[in-house]
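Respectively, the protein sequence lines represent chains H and F. Numbering-wise, this note's numbering puts 22 at position 22 of the first sequence, and it's gapless, one number per residue. Numbering-wise, this note's numbering puts 277 at position 20 of the second sequence, and it's gapless, one number per residue.
Hints are computed from structural coordinates only; laboratory data are not their basis. Any given hint might turn out to be false.
To be verified - No more than 30 Å apart at the CA atoms, straight line, and that leaves these computed lysine-lysine pairs for DSBU-like:
1. F:LYS273 - F:LYS289
2. F:LYS316 - F:LYS264
3. F:LYS282 - F:LYS316
4. F:LYS609 - F:LYS826
5. F:LYS783 - F:LYS596
6. H:LYS94 - H:LYS83
7. F:LYS609 - F:LYS578
8. F:LYS826 - F:LYS596
9. F:LYS631 - H:LYS151
10. F:LYS455 - F:LYS264
11. H:LYS94 - F:LYS631
12. H:LYS96 - F:LYS609
13. H:LYS94 - F:LYS609
14. H:LYS83 - F:LYS631
15. F:LYS360 - F:LYS603
Claimed, not checked - Label pairs and their computed distance ranges (CB to CB):
16. H:ASN137 - F:PRO580: 52 to 60 Å
17. H:SER142 - F:LEU283: 22 to 30 Å
18. H:ASP99 - F:GLU533: 19 to 27 Å
19. F:ALA556 - H:ALA84: 34 to 42 Å
20. F:GLU395 - H:SER122: 44 to 52 Å
21. H:ASN137 - F:ALA806: 39 to 47 Å
22. H:SER122 - F:GLN744: 25 to 33 Å
For every residue, glycine included, the Cβ atom is placed at its ideal position computed from N, Cα and C.
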Amino acid sequence: MTQELNLTLQVWRQDGSSDPGHFETYAANGISEDMSFLEMLDIINEQLIEDEQVPIEFDHDCREGICGTCSLMINGQAHGHEKATTTCQLHMRKFKDGDTIVVEPFRARAFPVVRDLVVDRSSFDRIIEAGGYISINTGAASDANLTPVPKEAADTSFDAAACIGCGACVAACPNSAAQLFTSAKLAHLNLIPQGQSQRFERTETMVDTMETFFGSCTNHGECHEACPKEISLDFIAFMNRDYVKAKVKNRKLAGQT
Amino acid sequence: MTVLDSKIPSGPVAEKWENHKFSTKLVNPNNKRRFEIIVVGTGLAGASAAASLSELGYKVKAFTFHDSPRRAHSIAAQGGINGAKNYTNDGDSVHRLFYDTVKGGDYRSREANVHRLAEVSVNIIDQAAAQGVPFAREYGGLLDNRSFGGAQVSRTFYARGQTGQQLLLGAYQALAKQVAAGGVELHTRTELLDVVLKDGRACGIVTRDLVNGEVASHSGHAVVLATGGYGNVYYLSTNAMACNVTAAWRAHRKGAFFANPCYTQIHPTCIPASDEFQSKLTLMSESLRNDGRIWVPDAFDDTRSPSEIPDNERDYYLERKYPAFGNLVPRDVASRNAKTVVDQGKGVGTLKNGVYLDFGAAIERDGEEAVRSKYGNLFDMYENITGENPYQTPMRIYPAIHYTMGGVWVDYNLMTTIPGCYSIGEANFSDHGANRLGASALMQGLADGYFVLPYTIGDDLAGRLGEPTVSTDDPVFAEAEAAAHDQINRFMSIGGTRSVDWFHRELGKIVWDYIGMERTKEGLEKALSEIPALEEEFWKDLRLPGSAATLNSGLEKAGRVADFFELAKLMARDALDREESCGGHFRAEHQTEEGEAQRDDENFAHVAAWEWNGTDSVQTRHQEELTFENVALTQRSYK
Numbered sequence: 001m002t003q004e005l006n007l008t009l010q011v012w013r014q015d016g017s018s019d020p021g022h023f024e025t026y027a028a029n030g031i032s033e034d035m036s037f038l039e040m041l042d043i044i045n046e047q048l049i050e051d052e053q054v055p056i057e058f059d060h061d062c063r064e065g066i067c068g069t070c071s072l073m074i075n076g077q078a079h080g081h082e083k084a085t086t087t088c089q090l091h092m093r094k095f096k097d098g099d100t101i102v103v104e105p106f107r108a109r110a111f112p113v114v115r116d117l118v119v120d121r122s123s124f125d126r127i128i129e130a131g132g133y134i135s136i137n138t139g140a141a142s143d144a145n146l147t148p149v150p151k152e153a154a155d156t157s158f159d160a161a162a163c164i165g166c167g168a169c170v171a172a173c174p175n176s177a178a179q180l181f182t183s184a185k186l187a188h189l190n191l192i193p194q195g196q197s198q199r200f201e202r203t204e205t206m207v208d209t210m211e212t213f214f215g216s217c218t219n220h221g222e223c224h225e226a227c228p229k230e231i232s233l234d235f236i237a238f239m240n241r242d243y244v245k246a247k248v249k250n251r252k253l254a255g256q257t
Numbered sequence: 258m259t260v261l262d263s264k265i266p267s268g269p270v271a272e273k274w275e276n277h278k279f280s281t282k283l284v285n286p287n288n289k290r291r292f293e294i295i296v297v298g299t300g301l302a303g304a305s306a307a308a309s310l311s312e313l314g315y316k317v318k319a320f321t322f323h324d325s326p327r328r329a330h331s332i333a334a335q336g337g338i339n340g341a342k343n344y345t346n347d348g349d350s351v352h353r354l355f356y357d358t359v360k361g362g363d364y365r366s367r368e369a370n371v372h373r374l375a376e377v378s379v380n381i382i383d384q385a386a387a388q389g390v391p392f393a394r395e396y397g398g399l400l401d402n403r404s405f406g407g408a409q410v411s412r413t414f415y416a417r418g419q420t421g422q423q424l425l426l427g428a429y430q431a432l433a434k435q436v437a438a439g440g441v442e443l444h445t446r447t448e449l450l451d452v453v454l455k456d457g458r459a460c461g462i463v464t465r466d467l468v469n470g471e472v473a474s475h476s477g478h479a480v481v482l483a484t485g486g487y488g489n490v491y492y493l494s495t496n497a498m499a500c501n502v503t504a505a506w507r508a509h510r511k512g513a514f515f516a517n518p519c520y521t522q523i524h525p526t527c528i529p530a531s532d533e534f535q536s537k538l539t540l541m542s543e544s545l546r547n548d549g550r551i552w553v554p555d556a557f558d559d560t561r562s563p564s565e566i567p568d569n570e571r572d573y574y575l576e577r578k579y580p581a582f583g584n585l586v587p588r589d590v591a592s593r594n595a596k597t598v599v600d601q602g603k604g605v606g607t608l609k610n611g612v613y614l615d616f617g618a619a620i621e622r623d624g625e626e627a628v629r630s631k632y633g634n635l636f637d638m639y640e641n642i643t644g645e646n647p648y649q650t651p652m653r654i655y656p657a658i659h660y661t662m663g664g665v666w667v668d669y670n671l672m673t674t675i676p677g678c679y680s681i682g683e684a685n686f687s688d689h690g691a692n693r694l695g696a697s698a699l700m701q702g703l704a705d706g707y708f709v710l711p712y713t714i715g716d717d718l719a720g721r722l723g724e725p726t727v728s729t730d731d732p733v734f735a736e737a738e739a740a741a742h743d744q745i746n747r748f749m750s751i752g753g754t755r756s757v758d759w760f761h762r763e764l765g766k767i768v769w770d771y772i773g774m775e776r777t778k779e780g781l782e783k784a785l786s787e788i789p790a791l792e793e794e795f796w797k798d799l800r801l802p803g804s805a806a807t808l809n810s811g812l813e814k815a816g817r818v819a820d821f822f823e824l825a826k827l828m829a830r831d832a833l834d835r836e837e838s839c840g841g842h843f844r845a846e847h848q849t850e851e852g853e854a855q856r857d858d859e860n861f862a863h864v865a866a867w868e869w870n871g872t873d874s875v876q877t878r879h880q881e882e883l884t885f886e887n888v889a890l891t892q893r894s895y896k
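Could you put together the complete structure from these sequences and hints?
In structure tokens, the structure reads:
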């Protein structure tokens, strides 16, 4: 039978980006263990509306762990304590009756708070715009099977491309660094033949753009631990290698590699 | 007698698109920059259209209510994308994909559109592969294909179970490239509130900045709506929480005909709701039906756990009723039968709202390891959501809405009945008829965005060279902004007692019960009396705390739910008038002796397109007759 939980929530409330913000305490009683964490917040919001209070704003959309919209630091951990799980896929049966749960936004200078638990992660888009693509205009592609991609490369490229851009890596990092996010996109594109012609230019511009928003990596590895898609730290090493290559080589003379 | 001109080109179906491209007027490359195009929505269709139009030289403004284009719900598509490449040498061709799609749509789509879709399907695969979409590959490095959704050929390209994600990232990255190049002005967290017309032609949109509440106007030479489907009218669906009909609906209110709203598609294998506060339903891959056996207890209100129910007290109803196809009957048949047994009171689970999908026999036959290797990730997902281990106890499943075939009516150029306003992707009605085939949603979104709209939009623009955009200072914009402010103020000042979600949930129940899997005249008439009553309540008793000048998701939802109310009424009317069963529209009064959908080709081989007549009047039904010159109309049977 379904268990019910009685919980205490400490939720970060912030009335816009210029408000200093504070914690509010809410009782969450009679929570079904089958609910997701976000459905639990839905219930709190229903109660707040009933009490004529302003509901808590939080980011969410697909609620099946793929869109990367949901976020939240839950008891100090990005997307909560459950490994390889986004907040929307975290279920209340992972908590115990009587627990106090602290809910905060993802915190990083590059992710300013918009309101309550909602943050602005558009700096990730700026990194992608700096080179996270292959320049092929619509219609210019040749037959797809003209360029074989070794299965191993395709599989590893996919592993990197599985990143959902949620920002948990940044939120978990003591330096608020975005190496895991940036390296995942670089590995996705740099590992396959289609990505070669812009490989080093892309690496340089994306890393340099990343540095303008985010802190530096000091190899804590917290990003990987927090990542709901378990993106590998190896991609950071791969990125660093390509970045050095990009910097030392005179691209005009060095040709392809 | 019809006011609808579909502009289908003449000639044999296989030459129509080629001929049309040749006869379409062109905009000189240097003149394209003199045209401004507004694209609303940045999912597969919108992002691919915005990127492609910008590459051609048009000035593009793209709008999304998400914080980034990468969040659009296209990202959640699992299965794959069809492409008539015939890489597997199993006899596929453009004509076969065309044929399968018309037949799969239960003969309610336009032959010319579907043929064009099949033609450009091969270009989409090329384009996506060149963008770096990591499709599954064979050991030789070439693309892998699989058969999907009962197709007789292997034409589906896929990227593990995340094809939608990878294709959307490809389109998003193409869009990011154009944003960086200065060709696209991207507006995130911005929602469309109205489409603005001047002298009968679309000249721009009014939006609300979701962060600071600012209402603003944007003008353009053309407006493209790529805003997805309306499955969330059911409240519980596999759609993302924010999916809505608002852009399409507000265009409808301004004169865009809305076509076939009763065509909605149900997916038979979703995880049933666990409680009243369930916010959405999660889809489980249909492949599970290859090895799972579907059953319910024989007895009503049987409270025993499934392991305590002996085999002779179980009803394997699909195997019993359809011995040839068994558990593999098509989506709609599987769904309707699940509803029948649950309605009889034989449902399982705490809320009695599911049926068992049992892998016991497969595990006994092949061993747990074999089952794990095929379905391991799905079983993990199920256990994560329900807390039940499907290796030990049967899964519980139930059908849910996951796609809508109806949408804004468009002609062959993808233009709506508002000149200068286009609709692409799931938002339009064009290619799937009454039922969409698996792995065809991604194909249609990208076909429209990459390869159809960028050509067809020039036909209308070419003659408008030198025409300036309408200034946002023009009174038409001021009026639309004022109307938008009025609606916002009205929502904020109701001061009732119930939340938006409450009304949405209640509306969803009515729509699901009466305009869901099985429709009857009686039920639809009931819906037409219950929906307006609830709608009236909504406008009197809504409570919306907070401010309109900040992020306020309640306010966003209120606008969307208000539109869902109006849409739901039209769905009921459309379903009532369509006195036949076809594809996703099943009228209980119209079925064969075997319980299958019975079409009425003589009277209903047409598109129903509805014209808005004002808030207080019922829409007018127009018909676009469908002609089938290449595909013979037949009746389905799965016995």
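Status of the hints after comparison with the structure:
| no. | hint | in the structure |
| --- | --- | --- |
| 1 | F:LYS273 - F:LYS289 | holds, 25 Å |
| 2 | F:LYS316 - F:LYS264 | holds, 27 Å |
| 3 | F:LYS282 - F:LYS316 | holds, 19 Å |
| 4 | F:LYS609 - F:LYS826 | holds, 29 Å |
| 5 | F:LYS783 - F:LYS596 | holds, 19 Å |
| 6 | H:LYS94 - H:LYS83 | holds, 11 Å |
| 7 | F:LYS609 - F:LYS578 | holds, 22 Å |
| 8 | F:LYS826 - F:LYS596 | holds, 23 Å |
| 9 | F:LYS631 - H:LYS151 | holds, 20 Å |
| 10 | F:LYS455 - F:LYS264 | holds, 24 Å |
| 11 | H:LYS94 - F:LYS631 | holds, 27 Å |
| 12 | H:LYS96 - F:LYS609 | holds, 27 Å |
| 13 | H:LYS94 - F:LYS609 | holds, 25 Å |
| 14 | H:LYS83 - F:LYS631 | holds, 23 Å |
| 15 | F:LYS360 - F:LYS603 | violated, 34 Å |
| 16 | H:ASN137 - F:PRO580: 52 to 60 Å | holds, 53 Å |
| 17 | H:SER142 - F:LEU283: 22 to 30 Å | holds, 24 Å |
| 18 | H:ASP99 - F:GLU533: 19 to 27 Å | holds, 23 Å |
| 19 | F:ALA556 - H:ALA84: 34 to 42 Å | holds, 41 Å |
| 20 | F:GLU395 - H:SER122: 44 to 52 Å | violated, 39 Å |
| 21 | H:ASN137 - F:ALA806: 39 to 47 Å | holds, 41 Å |
| 22 | H:SER122 - F:GLN744: 25 to 33 Å | holds, 28 Å |
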